[in-house]
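Number of protein chains: 2
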Amino acid sequence: MSANSVLLDFSLDPTRISDEVSRKDIVKICKEHLEKYLTGLKLIYDMLTDDGYLCILNAPGAVVITIRFFNQGLITINIEYYRAECEEPKISFEQTRELENGLVQILKLNHGQSLPALQRGPVTKYFPTADERVIEYDIDKVLYDKRSDFQKIQIVHSKSLGNMLVLDELQNIAEADLIYTETLMRRGVEDYKDKEICILGGGDGALLYELLKEKPKHVVMLEIDELVMDACNKYMNSICGDVLEKRKSSNYEIIVGDCMVYLNKYIKEKRKFDYVFGDLTDIPISDTPTGEIWDFIRTILEASFSVLKPTGKFMTHGNGVSCPESLRMYEAQLANLSSKVTFTKCTSFVPSFMEEWVFYQVQRESPAATEA
Amino acid sequence: MSANSVLLDFSLDPTRISDEVSRKDIVKICKEHLEKYLTGLKLIYDMLTDDGYLCILNAPGAVVITIRFFNQGLITINIEYYRAECEEPKISFEQTRELENGLVQILKLNHGQSLPALQRGPVTKYFPTADERVIEYDIDKVLYDKRSDFQKIQIVHSKSLGNMLVLDELQNIAEADLIYTETLMRRGVEDYKDKEICILGGGDGALLYELLKEKPKHVVMLEIDELVMDACNKYMNSICGDVLEKRKSSNYEIIVGDCMVYLNKYIKEKRKFDYVFGDLTDIPISDTPTGEIWDFIRTILEASFSVLKPTGKFMTHGNGVSCPESLRMYEAQLANLSSKVTFTKCTSFVPSFMEEWVFYQVQRESPAATEA
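Quick note, the sequences are listed as chains A and Y, same order.
Just so we're aligned: 223 in this note's numbering is position 223 of the first sequence, and the numbers increase by one with no gaps anywhere.
Just so we're aligned: 201 in this note's numbering is position 201 of the second sequence, and the numbers increase by one with no gaps anywhere.
Simulated from the structure, these hints should not be mistaken for laboratory data.
Keep in mind it's a predicted model, so treat the numbers as computed, not measured.
A hint or two may mislead.
[Stated by the list, open to error] For lysine-lysine, the following PhoX-like pairs were computed, each having C-alpha atoms within a straight-line distance of at most 25 Å:
| id | chain 1 | residue 1 | chain 2 | residue 2 |
| --- | --- | --- | --- | --- |
| 1 | Y | 217 | Y | 195 |
| 2 | Y | 345 | Y | 213 |
| 3 | A | 108 | Y | 152 |
| 4 | Y | 345 | A | 152 |
| 5 | A | 36 | Y | 152 |
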């Protein structure tokens, strides 16, 4: 079940909107055209707003149509109604486009735009890109929906991407995202054989699963949210195999806990790694490198370099290429670390993000000097 | 400039919606929460609808908020206002999510969903996938906007995809779409050297440009819409080079005209090709193979096989993998051709379509028999 919102908009000469006669005429013609698809329309309310005019029409079947005029030269039309699972739409996308083109032509409007009906209901289908564009996913089922002490955890099914982990309403990883993990670990470039590795986060298990295929000496994974692992172990086996089920083997261990607690423990013990993976929260896209999340990022980076061998590398995901400011800010953080570091980066198009993502590889500038 | 539409929706136990006391309480709490972000809210209208309740709130700055209750167990909230280019949003996506989560928790709702603000204005940013999902593109400029005798032609600029040709409000090809052309022609699989080729359509010039790199004997391209070629020649040179500018050379010729007229001419002349490319309108997604477009597809296929050498191939794009019905119908058309044919297909993810697309390679079942 869902409420359908069909949105159209038009731009036109602003003078035609402020003129009452012209406006009445436009509303009349809009109503006539709408009636081709939705019969029995009645005007039930109208008012002048601070920046134009608003009217509401009603059609049988509880179709509510809101038409709004903006003095700046815009008209928006929203058609909204309830649609049951098996029901045909009251106006198809083809008809919406026909309506749009009809109105543009008869009213000599400058521009028209119309969207496929948005579906509003209990299955979340819309997720944002890093630059806050809206993408509708082909999600047809919610498989898991729970709130842990740390976040809201959902696993949904996408027809094209397979099962997808959603954390706090953001798409995280899908079964189709092997490229994400392979780019994060730079498969084929980095050599993990016999190496000691620490994963911060990584609760979906995909990174651990892929790293183990490279025959490392040992991997320790520090994940705070047991519920994420339970959910992924149940619904994401194609990306995590049985690593979340087993939790421990001769060459890996998953520790449920705050990664900072364990990093501090390793610092004390002088335990060192060849690789540390930052597979925690994404870099925020806010404009200034302040606030809790940036503090967290700095703290994690400092601690990671304290447990890395002199030649060790810190590998992490950055942000969408659409957010250059956020990426620049992350790079500025790297420049301010107490260890002098250099970094490389690479990108890949991540299917479930629907965009190109940036990944970082960070290491000490002069390993020898540090070792001394 | 654009009107911003911020959409939220919630699902809940239907009995809480039909009960007037409970409903009043929900509206009161919604209003209180909305006021954290939008002060000075006033209820300006409300009514019972056939399937629930509708109320309209107004905040200074001409913010109009429509709250609708659906007896089936849904609440939708639309927040709409005009936003100038340089203006901050009146409610950010982060705040929208905060509002959503606040309401879900305090009202103990079953589910909440919120979308980044939709931008309604003179630059079209939303295009549909083959299965009519909405995708917001990072379009920042309209470079070309004209209506020819055949279609509406636009070239827009996307930050991630480069310039993009839009025909009748559907995304057609972008500068980032080399993979589209390479999959259509099966680069590396088919051998075009010294071959005779006919392109039906192909007005963006990309296919012709890429084919010429393979040293064919001759390519003739039959495109009806001169304006498409003018637009692409001006704004899409990275995909079409100078082939649309020159129009003719020793190894190719572009003919402006109806491809059926020329195909019939070639049939009469007994002119034959090694390859015919169908680079015309996409296969429609309607459920039944009737209507003008399907007739057109059948006619094109029959004529193409009449000008193909016995071993010749018909190469074309199909539809999104998300439209299996449409693909099956196309394949049914192939089975009904007067020549017995077999086909292969392959897919690729087309960046500007944001989905996996199917391409067909069709040839006669027994070339020898036909030749006899």
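Now for the hints, and whether the structure bears them out:
no., hint, verdict
1, Y:217 / Y:195, "holds (5 Å)"
2, Y:345 / Y:213, "holds (23 Å)"
3, A:108 / Y:152, "holds (15 Å)"
4, Y:345 / A:152, "violated (41 Å)"
5, A:36 / Y:152, "holds (23 Å)"
Of the hints listed earlier, the one the structure fails to meet is number 4.
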